[in-house]
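Visitor: For reference, the chains in residue letters:
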Amino acid sequence: MDLTYTEEEEEFRARLRQWLGQVLPGLGPKPDPNDWPGRRTYDMGWQRRLYEAGYAGLHWPVDAGGKGATPTQHLIFLEETERAGAPYVGANFVGLLHAGPTIAAEGTPEQKRKWLPPILSGDEVWCQGFSEPDAGSDLAALRTKAVRDGDEYVITGSKIWTSHAEVADWCELLVRTDPISDTVPKHRGISWLAMPMDAPGVTIRPLRTLAGSTEFAEMFLDEVRVPVANRVGAENDGWRVTMVTLSFERGTAFVGEVVACRRTLIALATEARKNGRWDDPSLRRKLALLSAEFAALWRLTQWNVSESEATGGVPGIGGSVFKLRYSHARQELYDTAAEVLGAGALDLDHEWVLDRLSSLSYTIAAGTSQIQQNIIAERILGLPKGR
Amino acid sequence: MDLTYTEEEEEFRARLRQWLGQVLPGLGPKPDPNDWPGRRTYDMGWQRRLYEAGYAGLHWPVDAGGKGATPTQHLIFLEETERAGAPYVGANFVGLLHAGPTIAAEGTPEQKRKWLPPILSGDEVWCQGFSEPDAGSDLAALRTKAVRDGDEYVITGSKIWTSHAEVADWCELLVRTDPISDTVPKHRGISWLAMPMDAPGVTIRPLRTLAGSTEFAEMFLDEVRVPVANRVGAENDGWRVTMVTLSFERGTAFVGEVVACRRTLIALATEARKNGRWDDPSLRRKLALLSAEFAALWRLTQWNVSESEATGGVPGIGGSVFKLRYSHARQELYDTAAEVLGAGALDLDHEWVLDRLSSLSYTIAAGTSQIQQNIIAERILGLPKGR
Amino acid sequence: MHFQLTDDQRALQSGMRELLAGRFDRDALRAAVDATVDAPGTLDRRLWRELGDAGFFALRLPEDEGGVGLGLPEAVLLFEEAGRALLPGPLIATHLAAGVVKGAADGSVVVTQSDGALIEWYEASDAVAGEAVAEGAAVPVRSVDPLTPLHRLHEPATTSDPLVGLLTAAEQLGSAARTTEMAVQYARERQQFGAPIGSFQAVKHLCAQMLARTELARAAVYAAAVTGDLADIAGAKLLADEAAVRCARDCLQVHGGMGFTWEADVHLHLKRAWVRKERWVSEATLTELLAELLVEVG
Amino acid sequence: MHFQLTDDQRALQSGMRELLAGRFDRDALRAAVDATVDAPGTLDRRLWRELGDAGFFALRLPEDEGGVGLGLPEAVLLFEEAGRALLPGPLIATHLAAGVVKGAADGSVVVTQSDGALIEWYEASDAVAGEAVAEGAAVPVRSVDPLTPLHRLHEPATTSDPLVGLLTAAEQLGSAARTTEMAVQYARERQQFGAPIGSFQAVKHLCAQMLARTELARAAVYAAAVTGDLADIAGAKLLADEAAVRCARDCLQVHGGMGFTWEADVHLHLKRAWVRKERWVSEATLTELLAELLVEVG
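Chains as they are written, first to last, in the working numbering: chain A, 9 to 395; chain B, 9 to 395; chain C, 413 to 710; chain D, 413 to 710.
If a hint is listed, it holds; no wrong ones were tucked in.
In the DSSO-like style, the derived pairs of lysine-lysine whose C-alpha atoms are separated by at most 30 angstroms in a straight line are: (1) Lys75(A) x Lys122(A); (2) Lys120(A) x Lys194(A); (3) Lys38(A) x Lys282(A); (4) Lys194(A) x Lys393(B); (5) Lys194(B) x Lys153(B); (6) Lys194(B) x Lys393(A); (7) Lys393(B) x Lys194(B); (8) Lys122(A) x Lys153(A); (9) Lys393(A) x Lys393(B).
No lab work stands behind these hints, which were simulated from the structure alone.
Bound conformation, chain A alone (with noise of 0.2 angstroms):
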């Protein structure tokens, strides 16, 4: 057991700082939250500077375009962009951690040369397709159809939880080619397809959340033509892909929420010392608590990571447990946070309330709480399958 990173790790850490000390002060102001073109050239360009610098899919394969770093220099990487307050992925996020990934492993050399370049330069913006407003947990009862017509698919149906579906060029959809019935299980018949945004017969409605905005969009689809030659995998065998792309964060997923949330708690400590409320010794027990509770989630993300490092990059099931204990801490962060501010918890120009808000999806995004102990349970403890 090691906690201490090798000379090269520290070299690759020394390096990444003192380049973000130069390119961080020349960054332009961040645009407004509801101004999707304003982000996303703020965001692509952030991706743009890093390709440059050369620390574009740094987790991704050679053969992909990518550094093919080993997850702990991701983990650093993830680390010190959070901390000297880096731009965060973005409108780049499901182009560099989920599409990309999964074209690099599953996709053509074709498909390759042809997507994964302008993801890591910044100049193609991917969103993702895959819930539907009846297939959310059980997203493999999808049911948006793709037909085939000679070398197209003709795809009706619709998609919901869509990021950055206004502003996106391609979106990586997951369609049913293959009816569910007595002989094709539901996790059959799912294939993998790109499909570019601007084709016709894509329609897009902002979805707004409970903190007021649209970082959502569902997403209709009226006979939109993709051509064959856009899917990814062999047809039918989506889901699989799907998985591998699920998977793929190997313990890294929430590293600089992680930091985030352990620089909050030290702001709540300074803001309830200033407005007095640190004299209240439950309070105190509180933040004392979360503070074990996150230095143990950073303890556990290394452990996870240096876990995938010695299985050669396939993700352990650590994540689920480290899912299920982050969601719920972070959302009595935010709780405590509330403490903190007495009254003020119900000012929306506070920030931490804002972030109490979106704290509340936690539980319920990528795979509620409840999935997440049923993942535990069947995967990890073996326990039977049941309801």
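For this one, chain A is given, so just place chains B, C and D on it according to the hints.
Guide: For chains B, C and D alone, coordinates are given in the frame of chain A:
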């Protein structure tokens, strides 16, 4: 909504208090918890006094030899006896609260004449033979078999969690008179029998609990012969007959315990003031929240009792709500007691430590919290059956 | 003792529920929310008058003073309904001002009240009860609850009237009951994995805990209304706050992603529950009060 | 950075597990419990010597002083195994006394240590580390844990050595891992309603939470062993105490009535976890320490 007691109820309370004041000082010392014959004598001696004073079978119907008191009077009785420190129902629990009411509701006139008077007078002790090693939460899966042989049943099987088995005269026994099959679902095919505990073939083995005591026993039945005349209700109708018993408590099941918990809470505060732990605001806060919880549980008891009074003694389904919260609150009460005691929480000579150990059974016995939540979800909220 | 609603109380309760179903149903609620985009902090004066006509504000005034002559238990039932329906406005302040501030009783005058560091519906109100607010002493706050405009006071005012706590607890109770119903209804309808999600124990047990939390709070709130006792009110407020906030959270969890949308009503319940939790006396003070009582009794 | 067990650490871990499986398996554990009826507080001296021979006490002594020359991470792995097996005796005190008290390192001398108001295994030990205990200053207590005899000290002694906290946390971790396994195993085997109870979500999710609690504590305990940092140890102790106590409680709940019997091992884990929770520094002090650090960093 009226929380003041009627003049009649207050008179009843005053008379009871007066009587308790007279009779309690003359009671002998409590027997040792491991002295079962002594406990029988003590508990049944108290029942005898209640009988002579006209308080026996307060809540039983008049035609069963009871007083036909209202649920509110029963509530007052339980509240006042607990407050005064009167003996607990003890060895007479099953007779007075389960077997007796079942016989009163479902027995023949002859059965009532035979079994009810000795319960009320404190002459005969009953125990319960319901649960089996493989039929706990799933009680209806019980397998103890009764085969008809002329005018007798021949019974073979085993029972568990039987209290006072060593000193009981009778056992209310659930047996399978029709084996489970495709045509006989498990809730059918069960019969309710009164088994004399001195019948040949009955073996008792004490069952030690984690508190170190032998509050329960296992009961092994090897071709025990019980007259068919001892069956209450029709053959194979025992499940329904039993449910009458289990739901007979009209909201009064935990009256004494809630009174006792509120007293414990005050004792905890007193002790904490004495040993200095009161200075910790986290502890004060916990005790305060428990105080609010137990006060509300008392109000919920009054609500449930009033409801059952309004519906003519038919118990509501609020019992599951009460049981769920009460079990949990009681465990928290003793966890908080451990905080008050500090290192003293490791000392078995402190009664709260033993009470803490006993409280561990609360979320399990008489329907686990999981089962209570199923009941609330399915029977009260109407959610679909499932797992 | 008969701790159940009387027939009259039931009739009052269902009357109020019907009035609100007719005058402030879900469409009206959502329209009010939508209206806050262009005209934040606008109160429906006509509805306010109708509430006045229905005796909502004059409920506890003696009949010879033009009131309905009923008591706290009845008031609690009405405020529970208001909480269920998420009825907006300084309802409690106006109710408490009936007979004190002219016009409050019949709903022709809207009265608000300073409460700690905040004041609700300051601009839309005609009068402020409690400590006076000096010109310019109240600064608008971007309220987390779209239907509760807030101002922050430079000089926090203390609201000591326990009835603010009791009636707030009644509103929290109504909200908890409503979010429990919403969760159960959604769990019955929403299908995943080939079955209603309400058939899965994880969802089932969430709903069961919601009901238990609500019913325990109900017993506490109703009893506090009957006794009017400060300790009972303190306990009721603690339990009802917890019930409203936690039930809204659990309701959101049961609704999954849909619960995270603006279109679902869940967030309106959660945000209002947060607002109500800040009313009257802080949780820390309430628990200290109850702790002190344990010592006094012991 | 490579935060995973090395091959040597794995070998050490499995070696210790095998040693205990051979010398202190479930039968031996129950025999030890049964023996406390007639001879409470008796320690198996032969086993103690064998632990000494295996390097349990001398683990961290330099090789040139006759030790094994390993570090805290390795010690934590051994104490985790001891916690899994519910190995009795003043293991930590003797381990810490190796190289200080003659005979401790090879297990020929049993050393205990005063800790706050209590001292474990006072009569069975040959020596007391830390503050001396005056004749008659230790009064026997009827210990809740049958395998941890306790005395109460008139003058509470302070144990400030963080290693007591770290090694105790390691034992708690082992216990939490074991009760999680026990719960899962029982949930797989126990049939109710025609299915293993582990197929019901309520039980499944209890087990999932147990694992999550244990694995988070593991990350904290192992990291604290690597850094030796006081704040890391404080956090690890808090999480490991919580994991051991809550996992034992949940394990009991999964076992239902059987978990409430003396014959089941669940209660032994719970009671020992309670004993270990009282060791070193109180929860209140630990949280104050971590809170203070938040301020210093900020």
